[in-house]
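**Q** One letter stands for each residue in the lines below.
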Amino acid sequence: MKSHTKYLTFNVHARMDFVHITPQVQEAVKESGVREGLCLVNSMHITSSVFINDHESGLHEDYKRWLEELAPHEPISQYKHNRTGEDNGDAHLKRQIMGREVVVAVTNGKLDLGTWERIFYGEFDGRRSKRLLIKIIGE
Amino acid sequence: MKSHTKYLTFNVHARMDFVHITPQVQEAVKESGVREGLCLVNSMHITSSVFINDHESGLHEDYKRWLEELAPHEPISQYKHNRTGEDNGDAHLKRQIMGREVVVAVTNGKLDLGTWERIFYGEFDGRRSKRLLIKIIGE
Amino acid sequence: MKSHTKYLTFNVHARMDFVHITPQVQEAVKESGVREGLCLVNSMHITSSVFINDHESGLHEDYKRWLEELAPHEPISQYKHNRTGEDNGDAHLKRQIMGREVVVAVTNGKLDLGTWERIFYGEFDGRRSKRLLIKIIGE
Numbered sequence: 000m001k002s003h004t005k006y007l008t009f010n011v012h013a014r015m016d017f018v019h020i021t022p023q024v025q026e027a028v029k030e031s032g033v034r035e036g037l038c039l040v041n042s043m044h045i046t047s048s049v050f051i052n053d054h055e056s057g058l059h060e061d062y063k064r065w066l067e068e069l070a071p072h073e074p075i076s077q078y079k080h081n082r083t084g085e086d087n088g089d090a091h092l093k094r095q096i097m098g099r100e101v102v103v104a105v106t107n108g109k110l111d112l113g114t115w116e117r118i119f120y121g122e123f124d125g126r127r128s129k130r131l132l133i134k135i136i137g138e
Numbered sequence: 000m001k002s003h004t005k006y007l008t009f010n011v012h013a014r015m016d017f018v019h020i021t022p023q024v025q026e027a028v029k030e031s032g033v034r035e036g037l038c039l040v041n042s043m044h045i046t047s048s049v050f051i052n053d054h055e056s057g058l059h060e061d062y063k064r065w066l067e068e069l070a071p072h073e074p075i076s077q078y079k080h081n082r083t084g085e086d087n088g089d090a091h092l093k094r095q096i097m098g099r100e101v102v103v104a105v106t107n108g109k110l111d112l113g114t115w116e117r118i119f120y121g122e123f124d125g126r127r128s129k130r131l132l133i134k135i136i137g138e
Numbered sequence: 000m001k002s003h004t005k006y007l008t009f010n011v012h013a014r015m016d017f018v019h020i021t022p023q024v025q026e027a028v029k030e031s032g033v034r035e036g037l038c039l040v041n042s043m044h045i046t047s048s049v050f051i052n053d054h055e056s057g058l059h060e061d062y063k064r065w066l067e068e069l070a071p072h073e074p075i076s077q078y079k080h081n082r083t084g085e086d087n088g089d090a091h092l093k094r095q096i097m098g099r100e101v102v103v104a105v106t107n108g109k110l111d112l113g114t115w116e117r118i119f120y121g122e123f124d125g126r127r128s129k130r131l132l133i134k135i136i137g138e
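Residue numbers (numbering that gives the first Met the number 0), protein chains in the order written: chain A, 0 to 138; chain B, 0 to 138; chain C, 0 to 138.
A hint or two may mislead.
The list cannot tell twin chains apart, which means a pair is met if one copy fits it or any two copies do.
[Stated by the list, open to error] No more than 16 Å apart at the CA atoms, straight line, and that leaves these computed lysine to aspartate or glutamate pairs for EDC-like:
(1) Lys1 x Glu138
(2) Lys109 x Glu30
(3) Lys109 x Glu67
(4) Lys1 x Glu35
(5) Lys129 x Asp111
(6) Lys109 x Glu68
(7) Lys129 x Asp16
(8) Lys5 x Glu68
(9) Lys29 x Glu138
(10) Lys63 x Glu138
(11) Lys5 x Glu55
(12) Lys29 x Glu85
(13) Lys5 x Glu26
(14) Lys79 x Glu55
(15) Lys109 x Asp16
(16) Lys79 x Glu30
(17) Lys29 x Glu73
(18) Lys109 x Glu138
(19) Lys5 x Glu35
(20) Lys109 x Glu85
(21) Lys129 x Glu26
Read the hints as simulated data drawn from the structure, not as lab findings.
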């Protein structure tokens with residue numbers, strides 16, 4: 000069995016934004032030499048997500064509006080978590096909607112994605128450095 | 000390490016509906032010859048889900064009503080994504096609630112599911128042909 | 000390839016509560032002897048979750064309030080699922096928000112978690128015995 004581990008670092012300038020990372024994940028699969036296996040991609044932080052959806056700016060605006068409705072940033076006093084001095088209570092909730100991780104099949108040495116599937120890093124508490132993990136196992 | 004890849008195709012007649020697929024996934028595990036490993040089942044589309052929950056029609060009606068409240072289909076103009084000519088902006092949101100994939104343990108050659116766990120394909124933008132991926136790795 | 004399977008049982012006294020399980024999962028990784036691989040942790044029930052987030056009591060109260068707003072327990076008659084005699088329709092919805100499972104990388108024989116990542120069992124229909132599965136594969 001082969002395995003390959005890679006860490007990526009992001010520093011997103013907005014509080015909430017989505018970064019397209021399919022090329023970097025595909026590159027990690029290539030480096031692994033794995034032809035058949037599984038590829039895990041997860042945020043290593045608890046106020047951000049890795050998710051798969053469409054690479055379409057209108058949809059991304061829809062996600063931002065919707066997540067802000069489901070878990071508004073303001074007023075920050077509505078979250079007990081913010082009593083710790085943080086102002087990111089909403090980000091912990093938004094991340095649960097969008098998910099922590101994706102697991103993608105590796106087939107014939109490539110990410111086995113559908114036509115429109117693209118991998119994104121989803122940031123909900125940006126303006127600081129954050130890490131993401133890619134782990135590929137297989138043969 | 001063994002691996003097995005299988006694709007299933009669905010054409011759901013309703014816009015939103017759930018299809019029970021546990022038997023097909025169990026069949027794929029049997030074909031794989033894997034006794035101990037992991038089984039990934041994911042939608043290859045971005046307006047549908049694979050999820051695990053109860054095989055109970057009342058619950059499925061509850062899910063449909065709830066998802067429609069959280070991300071209504073109408074008016075379609077509320078979604079910027081629909082400016083592309085699509086009318087499925089809501090489906091991209093519903094799918095994030097229900098998830099893209101499940102990963103199930105394979106133990107003694109079978110899906111290691113709890114008593115009431117059943118695997119479903121969840122469609123949120125039906126009336127077109129869509130694919131699902133099953134990937135099993137292990138020994 | 001090595002594999003290790005372990006089941007944990009929980010009996011949470013409240014209807015909704017979160018139990019920190021990172022040490023038990025780390026112990027299972029140690030038992031497995033796996034140095035590089037993947038660790039699946041999933042609820043075997045359909046009214047509970049396994050998720051990763053912060054070990055902070057204020058945040059956990061925020062989650063409970065938020066989930067109760069998104070899928071209220073009362074009135075139980077609002078859920079068709081409860082016509083079966085159950086009163087846990089809401090729990091099946093809450094669990095979809097928080098997720099069924101997490102997949103965590105194993106690197107150098109340890110769970111490869113970010114600084115603040117902690118694994119939790121999330122109960123939404125407690126006061127009964129429930130099982131969780133840990134499956135580790137790798138080398």
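**Q** Could you tell me which of the hints above the structure violates, numbers in ascending order?
**A** 3, 6, 8, 10, 11, 12, 15, 16, 17, 20 and 21
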